[in-house]
Amino acid sequence: MAERSTRDLAPALLPLSLVDVGWIAGGKTVLSGVTATLEHGLRSVILGANGAGKSVLLRLCHGLLQPTSGEVRWNMPEVRGEPRRQAMVFQRPVLFRRSVLGNMTFALGLAGVASVERRDRALAALERVGLAAFAERPARVLSGGEQQRLALARAWSLQPEVLFLDEPTANLDPGATREIEAVIQAIHAAGTKIVLVTHNLGQAQRLGDEVLFLDRGRLVERTPIDRFFYRPDSAEAAAYLKGELPWH
Amino acid sequence: MSTSLLAFAEAWRLVALGDAKLVEIVVLSLRISAGSILVATLLAMPLGALIAVTRFRGQRATIVTLNALMGLPSVVVGLLVYLLLSRAGPLGALGILFTPTAMVIAQAILVTPLLAALTRQMIGDAWQDTREQLQSLGAGPMASALALLWDLRFSLVTIVLAGFGRAISEVGAVMIVGGNIDGVTRVMTTAIALETSKGDLPLALGLGVVLLAIVLALNVVAHLTREAVQRRHG
Numbered sequence: 001m002a003e004r005s006t007r008d009l010a011p012a013l014l015p016l017s018l019v020d021v022g023w024i025a026g027g028k029t030v031l032s033g034v035t036a037t038l039e040h041g042l043r044s045v046i047l048g049a050n051g052a053g054k055s056v057l058l059r060l061c062h063g064l065l066q067p068t069s070g071e072v073r074w075n076m077p078e079v080r081g082e083p084r085r086q087a088m089v090f091q092r093p094v095l096f097r098r099s100v101l102g103n104m105t106f107a108l109g110l111a112g113v114a115s116v117e118r119r120d121r122a123l124a125a126l127e128r129v130g131l132a133a134f135a136e137r138p139a140r141v142l143s144g145g146e147q148q149r150l151a152l153a154r155a156w157s158l159q160p161e162v163l164f165l166d167e168p169t170a171n172l173d174p175g176a177t178r179e180i181e182a183v184i185q186a187i188h189a190a191g192t193k194i195v196l197v198t199h200n201l202g203q204a205q206r207l208g209d210e211v212l213f214l215d216r217g218r219l220v221e222r223t224p225i226d227r228f229f230y231r232p233d234s235a236e237a238a239a240y241l242k243g244e245l246p247w248h
Numbered sequence: 001m002s003t004s005l006l007a008f009a010e011a012w013r014l015v016a017l018g019d020a021k022l023v024e025i026v027v028l029s030l031r032i033s034a035g036s037i038l039v040a041t042l043l044a045m046p047l048g049a050l051i052a053v054t055r056f057r058g059q060r061a062t063i064v065t066l067n068a069l070m071g072l073p074s075v076v077v078g079l080l081v082y083l084l085l086s087r088a089g090p091l092g093a094l095g096i097l098f099t100p101t102a103m104v105i106a107q108a109i110l111v112t113p114l115l116a117a118l119t120r121q122m123i124g125d126a127w128q129d130t131r132e133q134l135q136s137l138g139a140g141p142m143a144s145a146l147a148l149l150w151d152l153r154f155s156l157v158t159i160v161l162a163g164f165g166r167a168i169s170e171v172g173a174v175m176i177v178g179g180n181i182d183g184v185t186r187v188m189t190t191a192i193a194l195e196t197s198k199g200d201l202p203l204a205l206g207l208g209v210v211l212l213a214i215v216l217a218l219n220v221v222a223h224l225t226r227e228a229v230q231r232r233h234g
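Quick mapping for you: the protein sequence lines, in order, are chains A and B.
Just so we're aligned, residue 1 is where the first sequence starts under this note's numbering, counting upward by one.
Just so we're aligned, residue 1 is where the second sequence starts under this note's numbering, counting upward by one.
Among the hints, erroneous ones may be present.
Said to hold, decoys possible - Computed footprint of chain B on chain A, listed as stretches where at least three residues anywhere in the stretch have a Cβ under 8 Å from a Cβ of chain B:
id	region
1	73-86
2	104-110
3	138-149
4	196-203
Stated by the list, open to error - If you want a taste of the chain B side facing chain A, the calculated C-beta under 8 Å gives, among others:
id	residue
5	GLU132
6	ASP151
7	GLY234
Derived by calculation from the structure, the hints in this document are not laboratory data.
This structure is a prediction, so every number in the text was calculated from the model and none was measured.
Backbone N, C-alpha and C define an ideal beta-carbon position, used for all residues, glycine too.
Put together the whole structure using the sequences plus the hints.
See the structure below:
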């Protein structure tokens, strides 16, 4: 209980400031000069062609990669060794050889949730994504869509302030994609900041409030979602939309 | 030809009737190797897993050394442990040379690098696929190592069984530090070596059959475990 109350009182992680962020790997510049501030509330969608640096940007924000230049600055940075207050869901869900419930309680344990509380919190999150009936099943035999919903439930149960999503529906059929999108909406509605990388422009429109558009490692525009699709500011975005939506 | 056939027949008789001397040797062998594997597993698995999930200076050199030590000659291990435990050696005061304890120590030293290297390899592969997720959840090196050891628990059984097979079938180390004393430190491999040179082929062959059966059984168990896990966890 003590840890939860301190977490409620803890200063907010957001806004997240990216200051002239660059990332170079093996002599190749993947990102350069990215400057942006991500605020609480708006659902941010990162768009761009393959190799534009979207996934790398997400990993830099989440701390899985360190920028080679510039700075990733949180309002109130997390303390190393303390429970994380942000979560990430990957394109391919990473689940462990445990039950569905075991995958949940493992993550809650790492987040410092007291063992007596873990089960209830895990079951509540599974209930919200419609997986409560599967709690005792081995996680890795679930279908692709169910596995991704489990990954979302796991992230959600941690009550993160920010949730990063890296093409969460890229491997899924339309039915499963709809279910995942519904869960993402619900997580947003519950007060978590959503930062989504996607290749699915319909999904961007359904889930996004604003677009950050990357082109060859540079952030070339940031526009509200409606304007982006009908009157993008940059020539690069216009060309990208023309390629993706030829009838446009 | 007829001698070896007679020896075979006699060997089967010893095994089938559960000859007291044969049983005593087999039980001692199993106890010593089980003890050494227990010690080696407790040391090697956390070590191998930690090497896999941590980045540190000299990591590559450590891995290469560990892999090289997999082929550690058992007589060399025997010699080193002998020097350590002999009266004049640093641990001579313990007075455990030529006891089963010394044999456990020697076998544990022999198989620890094997278990650590194989564990490192298996955990390292899994780490590639899970590193980002574990870091995203805030797991440090220790938590990651433990999580992956648990995640691969069924595959690691195979490694333990491989180590057991190596321990129970080696001769050099237990011969040197155990001394092959009848009824005290005589195990299957040392008995086979001795009985063969004495010309008592039936006992040597009988022990050989049991040793083969044990190694075979270990492999069957390892295989079945793997299959069962595949079915359950995918």
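Verification of the supplied hints:
Figure legend: the region 73-86 of chain A, annotated as covered by chain B; annotation consistent (4 residues with Cβ-Cβ distances under 8 Å, at least 3 required). Only residues whose beta carbon comes within less than 8 Å of a beta carbon in chain B count, and the region 104-110 of chain A has 3; three or more means the coverage holds. Judged by the Cβ-Cβ criterion of 8 Å, the region 138-149 of chain A is covered by chain B as claimed, because 3 of its residues qualify and three suffice. Coverage of a stretch by a chain is defined here by at least three residues with a beta carbon nearer than 8 Å to that chain's beta carbons; for the region 196-203 of chain A and chain B the count is 0, and the condition is violated.
Given the 8 Å rule on beta carbons, the hint for GLU132(B) holds: about 5 Å separates it from the nearest Cβ of chain A. Checking ASP151(B) against chain A: minimum C-beta separation of about 5 Å stays under 8 Å; hint holds. Interface hint at GLY234(B): satisfied, since its Cβ lies 4 Å from the closest Cβ of chain A, which is below the 8 Å cut-off.
Consistency with the previously given hints fails for number 4 only.
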